[in-house]
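Colleague: Following the hints, put chain P in place on chain Y, whose structure we already have.
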Amino acid sequence: MKKREYRPYEENAKEIQDKLLEARIEAVNLVCQKAPKREWKKYTERMIHIFFLLLGLITVGCVLLITVYLVISGIPAISKIGLVDFLFGEEWASTASEPKYGILPFILTSIYGTAGAIAIGVPVGFMTAVYLSKLASPKIKSVMQSAVSLLAGIPSVVYGLVGMLVLIPGIRILFGVPDGASLLAAIIVLAIMILPSIIKMSITALDAVPKEYEDASLALGATPIETYFKVSVPAAKSGIAASVVLGVGRAIGEAMAVMMVAGNVPNMPDSLFQSVRFLTTAVSSEMSYSSGLQRQALFSIALVLFLFIMLINATLNFFLKREKE
Amino acid sequence: MKKMITMLMIGALALSMLTGCSSETTGSVSTDGSTSMEKVIGALGEAFQNDTGISFTYNPTGSGPGIKAVQEGRCDIGLSSRDLKAEEKEAGLSGTILAYDGIAIIVNPENPVSDLSLETIAKIYTGEITNWSEVGGNDAEIVLIGREAGSGTRDGFESITDTEDACKYRQELTSTGDVITTVSQNPGAIGYASVASVKDTVKAVTVDGVAPTENNIKNGSYVVQRPFVLVTKADTALSDAAFKFFTYITSADANDIISAAGVVPAN
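Protein sequence lines correspond, in order, to chains Y and P.
Sequential numbering of the first sequence, starting at 21, is according to the numbering used here.
Sequential numbering of the second sequence, starting at 250, is according to the numbering used here.
The following block holds chain Y by itself, in its conformation from the complex (with noise of 0.2 Å):
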């Protein structure tokens, strides 16, 4: 070992004063070399900012863009027809020699369309959420998921065309009328079609509650399914009313698909076997061909389209809202 040597207190603290003193002034030295380069940073940084909030603009633009060429040549045709008469005029008979723009068939069809949608696949999708998120097994869960995932990329031309084949002849032959494309056709391939949003949406949602919750629940002695319906479930309420949502506004939305197997015919939907024609297919199967007024009065279809999904938006939005509260 060596010996320590000792040294005068003072001469050590010069040589640590004067070690400091030049540390100081390296380090000034350095702030004022670096100083041109911060300059710089601060502003890429104030430009990257900018080009994201260019970017973030792009989206807020496309809406505002819509919204406004939506009103401005959707409202010619209506204040030509009359706002009464083109709601809640009850024939639509756009080429004929004395037209007629009454929507109120296609209004009611959406409705009732994706009502129907709804009242099928939302207890489907929400039970299958429940099933896929609490009790499966890992293994049946992968393969359900991932065949719930390649439900949502099929094409809707997909579900249209098997519609048109397998389900229009089944329905005319399983309820003995003369054709069945129909509004129920309409309901059913609309049902399939929300069923991948809600259940997805919806096991996110199951999955996010946490473990505690149950846990606690358990140990008071519920059975699982209780846990889940009684405890899971309602901590997932926002989550799945949100699942509704994107299924309304997918169902309410579509448009190829249900052209292929509604029969388009703008009758009333008075029963649910009747050929009738949505808001969107209203839109779309006329729009190639039309011209003049024709064309004005689609353009207004589709901002009461528009204002529809922004209705529904807005009130399931209060409702998450009151909830939250």
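Please keep in mind that the hints were generated in silico from the structure rather than gathered at the bench.
Certain hints may be false.
Stated by the list, open to error - So the derived label-pair ranges between C-beta atoms look like this: (1) P/T379 x Y/S117: 19 to 29 Å; (2) P/A335 x Y/A116: 20 to 30 Å; (3) Y/L194 x P/E368: 28 to 38 Å; (4) P/P358 x Y/L194: 15 to 25 Å; (5) P/S424 x Y/P254: 44 to 54 Å.
Backbone N, C-alpha and C fix where the C-beta goes; we use that ideal spot for every residue, glycine too.
Modeller: Just chain P now, with coordinates in the frame of chain Y:
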């Protein structure tokens, strides 16, 4: 090995692109109009492009918009699947019939009915006759399949049968293929479609005893037919390229192509 195949495929693709560009272009001709004429005008345009190197465009907008496009000078030749109206002729347009398109009345192959008169067809479509037993078929409700408002085929059918705005459709579909599929699926269905697109999955009935064959359409004995009309401005001469195209497709040489597209050449 895999790499080799990929390289070969890329090479082939590149070559195929070259062949597309090899013919030299001298001017262009633009057409605009009837969607029903897509098949025939597409085939003619392709052949013309290969033979002369003049580029050809076709804008499927519908008969009305096509006629308007010619009038406003937005295209060289308008395509209409109906005769020009008197006021359109007065506005300085002239029409040349390129071909005749027969509209077949189709039923399910299981349906025993194989002949209908034009009058009966009109009665069926206006809802006067609602059961197949009234026209010698099975006791089954007649399901009327049609096209969407504005479709050239619907316009043609309704104007020939004189049932404009009076048809009580059970289904309005947006394409010929959909009509054929639907009729082939439903034993009680009746529909209409271009003769060219009728397949074995459905049965085309004879109208007043006349079958929708090429000869019958051309000599006018099959009545459910409409002309395919080339619309031009009467007072303005066509551009060189457009004139070449016009003479090319109205010459007898083009008849094979027109027939292959399923319609009956007029010249």
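Colleague: With reference to the structure, classify each hint as holding or not holding.
Modeller: These are the hints, each one checked on the structure:
1. Range check, P/T379 to Y/S117: about 25 Å between beta-carbon atoms, so the 19 to 29 Å window is met.
2. Checked against the hint of 20 to 30 Å, the C-beta distance between P/A335 and Y/A116 comes to roughly 21 Å, which is consistent with it.
3. Between Y/L194 and P/E368, the C-beta spacing of about 36 Å keeps the proposed range 28 to 38 Å intact.
4. Between P/P358 and Y/L194 the CB atoms are about 22 Å apart, so this pair conforms to the stated range of 15 to 25 Å.
5. Distance hint for P/S424 and Y/P254: a CB-CB separation of about 49 Å, consistent with the stated range 44 to 54 Å.
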